[in-house]
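Protein chains in written order, with this note's numbering: chain A, 533 to 931; chain B, 533 to 931.
No lab work stands behind these hints: they were computed from the structure.
Mixed in with the good hints there might be a few duds.
One copy or two, it doesn't matter: identical chains are merged, so the pair holds either way.
[Stated by the list, open to error] Listed next, the in silico EDC-like pairs over lysine to aspartate or glutamate satisfying Cα-Cα at most 16 Å (straight line):
(1) Lys730 - Asp890
(2) Lys790 - Asp607
(3) Lys730 - Glu861
(4) Lys733 - Glu861
(5) Lys730 - Glu559
(6) Lys925 - Glu863
(7) Lys790 - Asp624
(8) Lys816 - Asp669
(9) Lys667 - Asp598
(10) Lys664 - Glu861
(11) Lys535 - Glu887
(12) Lys845 - Asp641
(13) Lys898 - Glu748
(14) Lys665 - Glu922
(15) Lys753 - Glu861
(16) Lys665 - Asp641
(17) Lys664 - Glu828
(18) Lys535 - Asp607
(19) Lys667 - Asp641
2 protein chains.
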Amino acid sequence: MMKVLILGGDGYLGWPTAMYLSRCGHEVAVLDNFAKRRWELELNVEPLIPIQTLHDRVEAWRAVADRRIELFVGDLRNYGVVEGVLDTFRPDAVVHYGEQPSAPYSMIDHNRSVFTQVNNVTGTLNVLWATKKLKLDCHLVKLGTMGEYGTPNIDIEEGFIEINHNGRKDTLPFPCQPGSFYHLSKVHDSHNIRFACKAWKLSATDLHQGVVYGIETDETKMDDRLATSFHYDDVFGTAINRFCVQAAAGIPITVYGKGGQRRGFLNLRDTLRCVELAIVNPAKRGEYRVFNQFTETFTILQLAELVAEQARKLGLATEIHHLPNPRIEQEEHHYNPTHTKLLDLGLQPHFLSNELLDTMIATILKYKHRVKQEIILPKVQWNGKDQEIEELKLMWAGA
Amino acid sequence: MMKVLILGGDGYLGWPTAMYLSRCGHEVAVLDNFAKRRWELELNVEPLIPIQTLHDRVEAWRAVADRRIELFVGDLRNYGVVEGVLDTFRPDAVVHYGEQPSAPYSMIDHNRSVFTQVNNVTGTLNVLWATKKLKLDCHLVKLGTMGEYGTPNIDIEEGFIEINHNGRKDTLPFPCQPGSFYHLSKVHDSHNIRFACKAWKLSATDLHQGVVYGIETDETKMDDRLATSFHYDDVFGTAINRFCVQAAAGIPITVYGKGGQRRGFLNLRDTLRCVELAIVNPAKRGEYRVFNQFTETFTILQLAELVAEQARKLGLATEIHHLPNPRIEQEEHHYNPTHTKLLDLGLQPHFLSNELLDTMIATILKYKHRVKQEIILPKVQWNGKDQEIEELKLMWAGA
Numbered sequence: 533m534m535k536v537l538i539l540g541g542d543g544y545l546g547w548p549t550a551m552y553l554s555r556c557g558h559e560v561a562v563l564d565n566f567a568k569r570r571w572e573l574e575l576n577v578e579p580l581i582p583i584q585t586l587h588d589r590v591e592a593w594r595a596v597a598d599r600r601i602e603l604f605v606g607d608l609r610n611y612g613v614v615e616g617v618l619d620t621f622r623p624d625a626v627v628h629y630g631e632q633p634s635a636p637y638s639m640i641d642h643n644r645s646v647f648t649q650v651n652n653v654t655g656t657l658n659v660l661w662a663t664k665k666l667k668l669d670c671h672l673v674k675l676g677t678m679g680e681y682g683t684p685n686i687d688i689e690e691g692f693i694e695i696n697h698n699g700r701k702d703t704l705p706f707p708c709q710p711g712s713f714y715h716l717s718k719v720h721d722s723h724n725i726r727f728a729c730k731a732w733k734l735s736a737t738d739l740h741q742g743v744v745y746g747i748e749t750d751e752t753k754m755d756d757r758l759a760t761s762f763h764y765d766d767v768f769g770t771a772i773n774r775f776c777v778q779a780a781a782g783i784p785i786t787v788y789g790k791g792g793q794r795r796g797f798l799n800l801r802d803t804l805r806c807v808e809l810a811i812v813n814p815a816k817r818g819e820y821r822v823f824n825q826f827t828e829t830f831t832i833l834q835l836a837e838l839v840a841e842q843a844r845k846l847g848l849a850t851e852i853h854h855l856p857n858p859r860i861e862q863e864e865h866h867y868n869p870t871h872t873k874l875l876d877l878g879l880q881p882h883f884l885s886n887e888l889l890d891t892m893i894a895t896i897l898k899y900k901h902r903v904k905q906e907i908i909l910p911k912v913q914w915n916g917k918d919q920e921i922e923e924l925k926l927m928w929a930g931a
Numbered sequence: 533m534m535k536v537l538i539l540g541g542d543g544y545l546g547w548p549t550a551m552y553l554s555r556c557g558h559e560v561a562v563l564d565n566f567a568k569r570r571w572e573l574e575l576n577v578e579p580l581i582p583i584q585t586l587h588d589r590v591e592a593w594r595a596v597a598d599r600r601i602e603l604f605v606g607d608l609r610n611y612g613v614v615e616g617v618l619d620t621f622r623p624d625a626v627v628h629y630g631e632q633p634s635a636p637y638s639m640i641d642h643n644r645s646v647f648t649q650v651n652n653v654t655g656t657l658n659v660l661w662a663t664k665k666l667k668l669d670c671h672l673v674k675l676g677t678m679g680e681y682g683t684p685n686i687d688i689e690e691g692f693i694e695i696n697h698n699g700r701k702d703t704l705p706f707p708c709q710p711g712s713f714y715h716l717s718k719v720h721d722s723h724n725i726r727f728a729c730k731a732w733k734l735s736a737t738d739l740h741q742g743v744v745y746g747i748e749t750d751e752t753k754m755d756d757r758l759a760t761s762f763h764y765d766d767v768f769g770t771a772i773n774r775f776c777v778q779a780a781a782g783i784p785i786t787v788y789g790k791g792g793q794r795r796g797f798l799n800l801r802d803t804l805r806c807v808e809l810a811i812v813n814p815a816k817r818g819e820y821r822v823f824n825q826f827t828e829t830f831t832i833l834q835l836a837e838l839v840a841e842q843a844r845k846l847g848l849a850t851e852i853h854h855l856p857n858p859r860i861e862q863e864e865h866h867y868n869p870t871h872t873k874l875l876d877l878g879l880q881p882h883f884l885s886n887e888l889l890d891t892m893i894a895t896i897l898k899y900k901h902r903v904k905q906e907i908i909l910p911k912v913q914w915n916g917k918d919q920e921i922e923e924l925k926l927m928w929a930g931a
């Protein structure tokens, strides 16, 4: 059993990961600065299911599961906080979810673009420096994104690619073409971590994760107070989750552009298992490795059709609407990313099924009265034209 | 003739570029926040030749050349400053030297590492956002570095490489393996700029520059008050310049490790010409292009031997000492980077010659009494061990 520190432990993925690893018997601590709860206030969005404070959830977990999760409040941009927490808890592994996670948020304006990159890059640099300074034998498990690669016209490998050129060859970092300032921040992190592993003999696993869907885990189901932060809005929500909410709310499913954009997806439960697999099979000293963390690919239109079909079976009259794409991205493209490393370690995927969509939609229906329809349609435009978000008078609430 | 704004106009390259372009007939403005002058105070280093303030140099240029360079004082991290200057001057081209330029400085400690990345990335993001917001038809000429590529075992192309993989092909960004937090900051910039050009139809030229050497240009020679900031210390000095100072001062030339590290180099005069070529042959709207900006490659040991040989001819008893390499880098490696794009635009290189080394050493001898020998040997260790720099009690002087 290991000591695991989870950065961003208040989030959609951080909190279920904390409970899951705690229940597996690991000694778990979480750190958060609750920044995302403030971003929610800026945009007047909130999770579908009411969420307790992190303090109260940790206490509920103790009551329900009879296990203790240690709670640290702190901001990763403050080096003293990072070094202090690492020195106090001395983890075997750090799971780093503690970043601004939204592409649309990073595209709202210059303040949020700069904030996203500075916040994400600084936090990760501080973790690297503190690990080195404290001489911790600590494996960094960093959440990256499949979006770091973009959509090249060749198959995507797991982090590195062998290139033959002018009669010579080398295995080099896979070229990245990220599509937002958020995705760019993850590319910056990846470059920084790779260098630190080489220069300082740190060890890190960079999980290039696909889009996560799902609302429940075995642990969230143990008690209403243990629910996770499930978003369906245009800024923090993601495709399948948002489509299920639209179906349940009786409004059209909205696809950006043609919907031919193909992406990797995975179930929330698989995220937890992938992180566990990375922790219990750590990278070696000096090793920086990348796992492509998704279980299947779909086009956005395929997903919309799957959700609509299932919703109709449940008696919901669900339509699909195509919207002008607010993003700058290809709507038809090659997409064939490798994803064998986690399977080799033992991942058994929960594939997207009609049963799962049934369950998701049924769960959402219980909270249908909380759905704010006005926060679902996209307001942030990648090209900055016709930004409806400007009507919100979103200046800058500070960092 | 064009309106050109030079960011970092107080620096080793910024100031000679300003004078050169002004003398070519362009309307030139410079911006600086004098941050580097404070970093010099932190480390107790100073340029070999006494440097006037930027205000006084601009005034001297007016007196000597009868041309006006407009001076803005400001910090690129402040978005209001950036938008204000761009809106006031409305340049056709921005030449962006305004970043923390030293790899050793970025490796001193976590503060300087985070500062380097935040400073460099934020400044460039602000320039991109302000250009977009003001709808300026303005070409960004950004100084990057050949160090973005690292030393892969294949030939280096200019920014992009065609990759054939599993029967498909694409032209993708050349994979980067930078070797310090400074070099990483330039890679982050390159990714951000490429995205902004695509998303917002901006135009940019990313000059992946080699190591610059030289002390004089036609313009600096016009008056003592017009000298540029020539560094020979371990933090802001670079190989050829430092070797010439060691030779002139009668102390051994110090080579890091075996000296087999091969790098691209160019004369200061060629930097100015390359920037001019980029400006007068601008990138198209939406285009992000990379020029590898160097004229020849040498190993560090070759350079040491060239300088030592020339110094001996001048009657200086010059030895070469090998020091343990403070950096994490290969000391024997393949290195064959392409560099045809600037030649195609008309660059006529000033190659490194015995005459040039003669002139450099002779110029340095005039200032030999100002050489501080204690600031030449490396103090910053990439692996953080035996950091002599710590003896300086360098905490953090703030940003």
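Quiz prompt | Identical-chain pair category, Lys790 with Asp624, by Cα at 16 Å | solution = neither (45 Å within a copy, 38 Å between copies)
Quiz item: Quick one: Lys730 to Glu861, C-alpha cut-off 16 Å, is that within a copy, between copies, both, or neither?
Solution: between (33 Å within a copy, 10 Å between copies)
Practice problem: Please work out whether the CA atoms of Lys667 and Asp641 approach to 16 Å or closer within one copy, between two copies, in both situations, or in neither? | Solution: So Lys667 and Asp641 pass the 16 Å test across copies only (15 Å; inside, 39 Å).
Self-check item: 16 Å Cα threshold - placement of Glu748 relative to Lys898
Solution: Within one copy only: 13 Å inside a chain, 75 Å across chains, cut-off 16 Å.
Quiz item: Under a CA distance limit of 16 Å, which applies to Lys665 and Glu922: within one copy, between copies, both, or neither?
Solution: between (44 Å within a copy, 13 Å between copies)
Quiz item: Under a CA distance limit of 16 Å, which applies to Lys535 and Glu887: within one copy, between copies, both, or neither?
Solution: Intra 35 Å, inter 64 Å, cutoff 16 Å: neither.
Exercise. Tell me, please, which holds for Lys753 and Glu861 at an alpha-carbon limit of 16 Å: within, between, both or neither?
Key: neither (37 Å within a copy, 51 Å between copies)
Self-check item: Copy assignment of Lys535 with Asp607, given that the CA separation must stay at most 16 Å
Solution: Neither: 20 Å inside a copy, 43 Å across copies.
Self-check item: Within, between, both or neither: Lys665, Asp641 at alpha-carbon 16 Å
Solution: Between copies only: 10 Å across, 36 Å inside.
Practice problem: Could you figure out if Lys816 and Asp669 sit no more than 16 Å apart (CA to CA) within one copy, between two copies, both or neither? | Solution: Classified as within: same-chain Cα gap 10 Å, cross-chain 50 Å, threshold 16 Å.
Quiz item: Using 16 Å as the alpha-carbon threshold, which applies to Lys733 and Glu861: within, between, both, or neither?
Solution: Result: close only across copies, 14 Å inter versus 37 Å intra.
Quiz item: Is it within, between, both, or neither for Lys664 and Glu861, if the alpha carbons may be no more than 16 Å apart?
Solution: Answer is neither: 38 Å inside a copy and 19 Å across each miss the 16 Å cutoff.
Violated hints, in rising order: 1, 2, 5, 6, 7, 9, 10, 11, 12, 15, 17, 18; the structure is consistent with all others.
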